[in-house]
Structures are given as structure tokens and as C-alpha cells.
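**Student:** As they're listed, the protein sequences go chains E and L.
Note that the numbering used here has the first sequence beginning at 1, numbered continuously upward.
Note that the numbering used here has the second sequence beginning at 1001, numbered continuously upward.
In case anyone wonders, no lab produced these hints; they're calculated from the structure.
Think of the CB as a built atom: it goes at the ideal place given N, C-alpha and C, for glycine as much as any other residue.
Warning: the hint list may mix true and false statements.
[Said to hold, decoys possible] Interface residues of chain E toward chain L, partial, derived using beta-carbon atoms under 8 angstroms:
#, residue
1, A9
2, Y16
3, A24
4, F54
5, Q70
6, L112
7, R153
8, K155
9, V163
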Amino acid sequence: MSSDEATFARLYDEHYDEVHAFCARRVGWSDADDVAAEVFTAAWRRIADVDLSFARAWLFGVARKVVLNQWRSTSRRGRLRERIAGVRPSQPEQPEAIVVRRAEDQDVIAALNDLRASDREILRLAAWEELTGPEIAVALNISLSATQQRLHRAKRRLAALLVPEPPRATNAAEGEAQA
Amino acid sequence: MNDIDRAFDRLREANPEPTRVVEDKPTARQMLATVQRPRTPLQRPEPDRSRPRRRALAVAAAAFAAVVFATVPVLMFVDRSGDEVPAGEGPSTTALSTTVPQTTVPVSSIDPETEGLVDTFVSTYNSGDLEAFMALLHPDFRRETWLDEDLITHPSDTLSTLYEVDAALHTEITLVCVPGAADAVCMPTRFDDLHRVLEIPPSEVTTWFLTFEDGLLRTWTERRPNVGLIPYDAEAVTPFANWVVANRPEMLGGSRWEFVFFSGGSDTWIPRQGIAAEVAELVSEWADSLGVTLEE
Chain E
1 MSSDEATFAR LYDEHYDEVH AFCARRVGWS DADDVAAEVF TAAWRRIADV DLSFARAWLF
61 GVARKVVLNQ WRSTSRRGRL RERIAGVRPS QPEQPEAIVV RRAEDQDVIA ALNDLRASDR
121 EILRLAAWEE LTGPEIAVAL NISLSATQQR LHRAKRRLAA LLVPEPPRAT NAAEGEAQA
Chain L
1001 MNDIDRAFDR LREANPEPTR VVEDKPTARQ MLATVQRPRT PLQRPEPDRS RPRRRALAVA
1061 AAAFAAVVFA TVPVLMFVDR SGDEVPAGEG PSTTALSTTV PQTTVPVSSI DPETEGLVDT
1121 FVSTYNSGDL EAFMALLHPD FRRETWLDED LITHPSDTLS TLYEVDAALH TEITLVCVPG
1181 AADAVCMPTR FDDLHRVLEI PPSEVTTWFL TFEDGLLRTW TERRPNVGLI PYDAEAVTPF
1241 ANWVVANRPE MLGGSRWEFV FFSGGSDTWI PRQGIAAEVA ELVSEWADSL GVTLEE
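The following block holds chain L by itself, in its conformation from the complex (with noise of 0.2 angstroms):
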């Protein structure tokens, strides 16, 4: 036996949990009553009258950034909702053994009405239906990003051409939120075809600052690194550009991709307009180029 099956077969007998039988566990039954909940329809909810209007986002970038950086930390470290994890608690473990540390965070969750408002915008914006997602916009919805010290407000047909473009790679967004100067700040990841292929964790650049009135998505304002409304992660989409550039390099004419610059020096061309099927079939083919299959 060499070195590295030595090493391996320690590894397999340091095992820190062989398998055994779960006591107690469900039922396959009873699971599938827990997960066969009938699912709420989206509907547009009754304005309720009762509540004030909540503010709205517009102020400048220093009274946000004030607010923000008086008011989170209070709150953050009240335990409204009961669930903090206590220090120290994770695994039993027995006398001859030690742990490597787990890192605990408390929790601070923002109100529960507003925890459903944003589930159910994550949910949406995952499933990839253009239609049940510009329906959770406010009729008064505004999509906007800081430039500088100037608050720019882009148009709704770019955000539902971006969104087709999100869905085509399968892009999963994931929001960790607290309270905070909008009804819920929020650090945002996106996971999509990208990373998959590339077998890259997402970027966390950017900080979301979204308000809901009447049920609805009101605002949805970005503090980013980068100029204007680039979604994707840098180091995702440069690989796949550099591929396109090399490879496909004629499906860059006609306004169609658009060359910017990330914060961080980089630069590359992203898709911007009206190409979804074509991104896909080129990332597909990227992904083949590498070796990689892609889940339908």
C-alpha cells in the first residue's frame, strides 16, 4: 500500500458520523404532508389602509448611509424574534473528542410581514417567470443604482430584458436580510449557469436596499461597486466573455453585448439585450468546451 492509499484509508476510518439508523425519523408519509402544502397563488394583496405609508427611499446617499449606520446596529442585536443561537452550542461531542470551532451568529430577522413580502420576491425571481415577477412590481416601482452621488432610476423594460436574461441561466438569487433604513437591507447573491460551470461560489458586492408598499415592490435600490445595473459577478461572466470573444467573436456586433468595467479594474462584455436563448446556447457550449454538463 503507497502513501496515498494510506492516507485515504485514514481518512475513510475518521469518520466523524458513520451512518446509522435515525430514531424517531418521519415517515415518508408524513414528509410528503409537510411538502404538499397547497402553494398561495400570487395576487396582488388589498392595500391595507390601516398601516401608515411607509417613507419612501428617495433621500440622499449620506442621510441613507446615516440612517443606516445609527439605526442597524441597535437593532441588529435585539432579539426580536426569539431564535438567537446561543454561544457555544453545536454538536455533542464525547470526552475524547474535540471540536473544530463553529462560528455562531446571532440572529436578528426583520418583521415577519416583510419576511414574506421578500420570500416571496426570492421565490419568484428564481422561477424564472418573467410574467408572475414584473407582477410583484408597484405600478410606482423604481429599480435604482447610485453613481457617484446621483441616484439613477432605470426603466422597467430593462430590468424584465435582464430578467429574461437571468432565467436563461437558470440564475438563483439568495437574500440574507436585517431591518434596517429600508424595509429590508439585504446582502444578495446570484448563483447561475456561470458559476455552475465555472464550480465558483457567487460574489457578495453589492448591498440591496428594497421597500414594499401595498403588498408590492416599491424600490429596489443597489450600492455597488460597478457603475450602473451590471448583475452579474466578475468572475464569472469574464471567463464565459473571454470564451465568447475568442470563439463566437460575431456575436458581439450589434449593440447587443455591452463592454463594461468592474470597480475592481477588470473589464469584459456582458449580454444585454434580447438574447436569452442565444446566451444559453453559448454558455451551454462554453460548458461543453470545458467538460462540464449543465442540468436541463
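With the rest of the complex left out, here is chain E (with noise of 0.2 angstroms):
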């Protein structure tokens, strides 16, 4: 086994199982061992690139591109069809599918729908593949200070979103306070 085959199977044995459930969570489960694969394949062409201090990273850096990849590929095909057959298309395009498991977590998920794009996509990488700050500027390819920036950013916004507005004091109290 030659050494990019041994770095490879490293990646591979070490980090298939989070990269796996990277795409499971933004694919779904029946498609996320073919995305997976897909990963794979891009890591084994570009295994010369590979930080291995950061391989994790990196990977999680792949697999949003073939995710992406396969969003826009499975989307457009409906839009040409559309385009071509000269109706727009019925619905606006959906975020991608996020099963929910409990009821208690629909309206964190649901706020996390209402983000823009570029902060749901960094508050999953730390939220839910568990990357630090330096792995996430290594798999979205940006500096650690435009990381720490973007992410406390992230959080806000989705704070805002889940916090409640303050009660309004109704006439009657507001009256009896008045008084």
C-alpha cells in the first residue's frame, strides 16, 4: 500500500462515520452513502492537498461542496424543466430536508430555516459536526477572525429569532400603573 493509500484509508477508517452523518443531515439518510462516496472520491484525487492536522475539516470542506453540488444539480434539473417548458416554477425553492425529531425542536429548526444561507451553514458545522473555530475556517475556507465574526453573528441572529418579544403591558395595566 503506497503512502497516499495509507493516508486515504486513515481518512477513511477515522472519519467516515461523521461524514457519513454530515450528509445524512443535510441529504437524508437513504442518500448520504452515495454523497458520502462521492466525498471519498474527491479526497482520494486531492489527497496530496490533504493538512492531516485539520483532516476532519477538510473533509466536512468536500462534503458541503458535493452537497451543494447535488442540491444544485437535482434543483436545476426542475428549473430547466420549467424554463424550457415555459412556466415558472410552483414553489419557491425549499431549504434543504431536516428531519425533526422531537416537536420541542421544530421552532429552533424552523429558525434556523429563516437564516440566511452562510449562517446556517456555520452554525451547523459547530453546532452539530462539532468543528472549533480554526476547523471551520478550514472547511468553508475563510480566516479565523472572519469565522469567530460570522459565528457569533450566526448566534445572534438565531438568539433573536428564538427569543420571544417581551410581553406588551396591556391598557389596563398600563392604567393601574398609572394610577
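Take the two lone chains, each set in its own frame, and fit them into one complex as the hints suggest.
**Tutor:** As C-alpha cells, this is what we get:
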């Protein structure tokens, strides 16, 4: 086995399950096998570029692009058909399918889906993939300071969507207070 | 704990698919065996004399549209590939779960032979290898765009010049194709370093009609709301060009950049001739100024 093959085998054995879960969260369990296979195919082709100290983050970066391509391809096929048929899309493009396992999580998932794509992605990498700041920087190919700023901003926006508006005083209550 | 931390903790707990051991996954060796298949070298195939020659694409715009609109909807909904996705198919859910609706798209495919030619076209384009790309073109190849009602043919040296800039920008095209008036009617996107710097998705403003002959690309006809042969996304090239104008105005001299107008009313400069290496350097400088690191 060559050193590249040994490196690949190590990456594969150590991170396949995490990459598979990353894909399952974004495309569903039934398609995750295929997408994970594509991720490791891409990883093998670029094995010489891998910084092993950030291998996990690098793989998530590859996985992110593969998943994006898959979404684009699927939604574009539909839009091309509609364009040629001369009809407008019947509904806006959906965010990715997310299986909500617990009823109490619905509002946080809904809030996540209300954020813009870049906020969603950095929050998922931090919360679900449990990447550190430097790892997120590698996965997104941005600087560490940009990562920290974006993550903080995204957390703040998520919180703003989840925190209920403070209750407004009723007229009666206001009247009592004035009295 | 403040509201921000609490919200993030709730998101962490809402992980829809916690990592678990995947049973029956292929071993690393099995995976390697599937990706190490020898690659078929690019070569000109022998002409297939038994196949009737495909009709040329040089028809009037009205005929084009009529044929497309008349035939494609019929073809599209015929399941020729057998890989149509059943409506409602998606991740399994538990009794407690609900699922955000997932768009399912019935798939119809171009024929396998054309699909193989399109795949080769895309992978060669994305390789950045000018010689390999030009070898895909039929001796009578035509690159065409529509200008009002006129079909304009662009010389192949224009194509090679544009391709050099595309290669310098690490351009990746993707095509989604359906059967139609041409061998393949495709929705292309281009994703290049300009998109990477701006972190924006590619736009889909054009449609390509591709025909193949003797295994080579015979015609590549473009429908887009631009005049002429402008491969760039306005949303991606405009901020870059604005930066060049502000910071490297001397680069715009000598007719090497072209001032163009996009259909939405915007206008900008685009790189034009023999400046692929300089464009790559400028993009790198621009990325640095925005704190973005581009992969080598």
C-alpha cells in the first residue's frame, strides 16, 4: 500500500461515520451513502493537498461542496424543465430537508431555516459537526477572524429569532401603573 | 448563560442525525478500488457511419422555439431512464418526527451516448487543459449566440482566449440537460474564483443547445439575455471589475478588457484578450483585500 493509500485509509476509517452523518443531515439517510462515497472519491483525488492536522475539517469542506452540487443539480433539473416548458416554478426552492425528531426542536429548526444560507452553514458546522473555530475556517476556506465574526453574528441572529418578544403591557395594566 | 448561548445549545440538542457507526460500509480498500478505475484517454472516436447524421442546428429562432416547446414537455415526462424519483420518497422519520417538505424531481435523461459526450465535455472543460478542450471540437465546430434575430458565429480563437481566462479562474461548469431540439438542451452554471471570493452561488441566466457529430462537439449555441459572448456572471464579475477600476485602472488599457452591458441594465469591464495570468493575479489581490484565501 502506497503512503497516499495509507493516508486515505486512515482518513476513511477515522472519519467515514462523521462524514456520513454530515451528509445524512443534509440529504437524508437514504442518499448519504452515495454522497459520502463522492466525498471520499474527491478526497482521494486531492489526497496530496490534505493537511492531516485539519483532515476532518477539510473533509467537511469537501462534503459541503458535494452536497451543494447535488442540491443544485436536483433543483436545476426541475427549473430547466420549467423554463423550457414556459412555466414558472410552482413554489420557491425549499431549504434542505431536515428531519425533526423531537417536537420541541421544531421552532429551533424553523429558526435555522429562516436564517440566510451562510449563517445556517456556520451554525451547523459548529453545533452539529462540532468543529472548532480553526476547523470551521478550514472547512469554509475563510480566515479565523472572519469565522469568529460570522459565527457570533449567526448565533446572535438565531437567538433573536428564538427569543420571544417581551410581553406588552395591556391598557388596563398601564392604567394601573399610572394610577 | 445568556440568550445567545441558550439558543446555540438548543440548536446543538436539535441535531437531527447524530453521528453513529455506519454498518455495512465499504472498506477503504473497496472504496479505493472503485475510484482507481483507469481513466479512458481522450481520443477522437471513429465515425459511426451507420448512424444517420444529425440535422444541423442552424435553424431560425422561431423554429428552434417551436420545436423545443412542442417536443420537450412530452419527452420530459416519459420515463426513459427508469430512475424517476417517486414522489414523497425521503428520509425515514419516526412517529414523533415531522419533515420539512423535500422537493422531488422526476428525472428524464438524454440518451446514454450523448450523456457520455456531455460528461466528457464538462470534465475536459473543468480540467483547464486548453489543448484537450480544443481537441473535443469538431473540425466544423461553431460557437453561436443570438443577437436579436441573427445567429452570430464566433471564431474559435475567441473561444480559446476566453477559455484561457476561465482556466486561470479555476472555472468549473456544471450542466443539467434534457432532450430537446438539440442533442442536449442544458442549463449551465459556471463557478469560478470570482464566486469563491464573494461566496455567492452561480447564476443560471442562459441555456445551451449542444449538438455532437462523430463523437465531437459540433455546435454550441447559446441563449442568454446578453449580447455577444460574455461568459461571466454579472453578479460575480462586477464587484471584481469595480475593484480593478478603483485599484488597478492601468490594467484596463490596451483593449485587453472590454466594457460590456448586461441585460439588467448594469455595465462593467470584463477581461478579454491574452491576460489570463494577470487576471489570476488580480483576483488573488482582490481576494486578499477582502480577507479571503483562495485555494491553490
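**Student:** Next, verify each hint and record whether it holds.
**Tutor:** The hints, checked one at a time:
1. Taking 8 angstroms as the C-beta cut-off, the interface hint given for E/A9 holds, the closest approach to chain L being about 4 angstroms.
2. A distance limit of 8 angstroms between C-beta atoms decides the matter here; for E/Y16 the minimum to chain L is near 6 angstroms, and the interface restraint holds.
3. At a threshold of 8 angstroms, the smallest CB-CB gap from E/A24 to chain L is about 4 angstroms, leaving the interface hint in force.
4. The restraint placing E/F54 at the interface with chain L is violated, with a minimum CB-CB distance near 13 angstroms, outside the 8 angstroms limit.
5. Interface restraint check for E/Q70: the shortest CB-CB distance to chain L comes to about 11 angstroms, outside 8 angstroms, so the restraint is violated.
6. Given the 8 angstroms rule on beta carbons, the hint for E/L112 holds: about 7 angstroms separates it from the nearest Cβ of chain L.
7. Interface restraint check for E/R153: the shortest CB-CB distance to chain L comes to about 10 angstroms, outside 8 angstroms, so the restraint is violated.
8. Hint status for E/K155: holds, given a least beta-carbon distance of 5 angstroms to chain L, under 8 angstroms.
9. Restraint check, E/V163 versus chain L: the minimum CB separation of about 5 angstroms is within 8 angstroms; hint holds.
Of the numbered hints given earlier, the model fails hints 4, 5, 7; all others are met.
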